[in-house]
Amino acid sequence: MTIKKDCTQVYEIEKKKLKNLLRHVQKVSLTTDMWKSKNKKFEYMVVTGHWIDGNWKLQKRVLNFVHIRPPRRGVEISDAVFKCAKEWGIEGKIHTISVDNASNNDVAVRLLKDDFGRCKKLLGGGKLFHVRCCAHVLNLMVQDGLKEIVDICENIRDSVDFVNKSDGRALLFTEIAQHLQIPGKKLLNDCRTRWNSTYEMLSCAIKYKEVFPRFQVREPFYESCPSSEDWEKVEKVCRILEKFYTATHIISGSEYPTGNLFLPEVLKVKKLLDARVDDEDDFVRSMITRMTLKFDKYWKECNLLMSIATILDPRQNASNRIRLP
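Note that UniProt numbering has the sequence shown beginning at 1, numbered continuously upward.
Warning: the hint list may mix true and false statements.
Distance windows between CB atoms, simulated [what the hints assert, rightly or not]:
| # | residue 1 | residue 2 | range |
| --- | --- | --- | --- |
| 1 | N164 | K16 | 42 to 50 angstroms |
| 2 | K185 | P71 | 38 to 46 angstroms |
| 3 | N189 | T246 | 16 to 24 angstroms |
| 4 | L21 | E232 | 53 to 61 angstroms |
| 5 | Q9 | K147 | 49 to 57 angstroms |
| 6 | L188 | S228 | 46 to 54 angstroms |
| 7 | Q181 | K15 | 53 to 61 angstroms |
| 8 | L18 | R315 | 19 to 27 angstroms |
| 9 | H179 | D282 | 17 to 25 angstroms |
| 10 | K127 | T246 | 47 to 55 angstroms |
| 11 | E14 | K147 | 24 to 32 angstroms |
With a straight-line Cα cutoff of 20 angstroms, these simulated EDC-like cross-link-like pairs (lysine to aspartate or glutamate) come out [unchecked claim]:
| # | residue 1 | residue 2 |
| --- | --- | --- |
| 12 | K165 | D114 |
| 13 | K233 | D167 |
| 14 | K207 | E232 |
| 15 | K236 | D281 |
| 16 | K15 | D53 |
| 17 | K271 | D144 |
| 18 | K233 | D278 |
| 19 | K297 | D106 |
| 20 | K17 | E91 |
| 21 | K209 | D230 |
| 22 | K27 | E87 |
| 23 | K300 | E87 |
| 24 | K185 | D161 |
| 25 | K207 | E255 |
| 26 | K209 | D144 |
| 27 | K120 | E91 |
| 28 | K60 | E87 |
| 29 | K243 | E210 |
| 30 | K60 | E76 |
| 31 | K83 | E12 |
| 32 | K186 | D144 |
| 33 | K147 | D230 |
| 34 | K27 | D53 |
Hints were generated in silico from the structure; no laboratory data involved. In this text, a Cβ means the ideal position worked out from N, Cα and C, and glycines have one as well.
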């Protein structure tokens with residue numbers, strides 16, 4: 001009980017400090033995301049506040065964790081976010097909100113715009129209030145593209161699970177890799193809903209494409225060994241996804257402003273899609289087509305602030321000019 005009491009006291013002290021700090025902040029942008037508990041039985045919405053301090057440094061603080069029971073309707077999300085803002089005394093200081101692209105979030109944003117709009121302080125009358133999560137848009141694009149090799153991904157995922165779930169099998173796999181003079185490294189499991197972790201899994205596994213067949217000979221219960229044709233497809237896919245991976249990493253930064261970086265990275269992705277739309281491989285063309293459809297859908301809804309931030313960045317000079325399509 002003493003530990004619990006001490007933790008609660010520390011929380012209340014820090015909360016009071018943050019609340020006092022937020023009194024002097026002019027504008028706060030909010031982001032929301034869904035986090036799962038370790039056993040994946042509970043999902044929590046985390047609400048984070050972002051602002052520029054007096055020294056022009058980007059600051060962020062987690063403001064609240066909210067357990068929202070399924071089906072997590074938009075009205076419940078909206079109520080939770082507004083309650084959080086009101087609790088911190090920032091309901092009249094909200095600048096923008098970034099959320100994942102889901103229908104319930106669209107409903108929540110509409111309701112929140114009305115709630116926060118009553119203060120008559122939303123930028124542009126609320127027209128710039130909703131900022132779609134750029135990283136999530138890229139996630140949706142890649143998830144659609146990966147459907148072209150879903151069976152291959154499953155084989156590699158099963159292979160990685162099979163090796164990692166047994167110390168003996170992991171040791172055997174490492175010994176084979178060492179015999180082939182391939183630097184030993186633990187195979188990476190992925191999270192199905194996070195494409196970047198799937199990319200990391202594929203990129204790691206492909207280094208051991210010569211190990212898996214030899215491992216299969218020595219392990220009779222291993223039945224999901226990818227073929228050489230599968231690995232060829234994975235190599236091509238990884239070369240494409242590398243651009244998305246880099247873009248996601250850049251625009252997902254939380255320690256520095258990213259609004260000015262969004263447009264250049266998105267245009268790099270657009271150029272990649274345009275360059276590969278007539279690829280000689282059928283599955284690559286199909287993959288690019290899927291991703292382009294998703295890109296076009298969300299590009300039309302891009303927040304104007306993102307373009308303004310890029311245009312006002314003096315580093316986007318004549319030699320590196322952004323040309324809008």
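| field | Hints violated by the structure (numbers, ascending) | value | 6, 8, 9, 10, 11, 12, 13, 23, 25, 26, 29, 30 and 32
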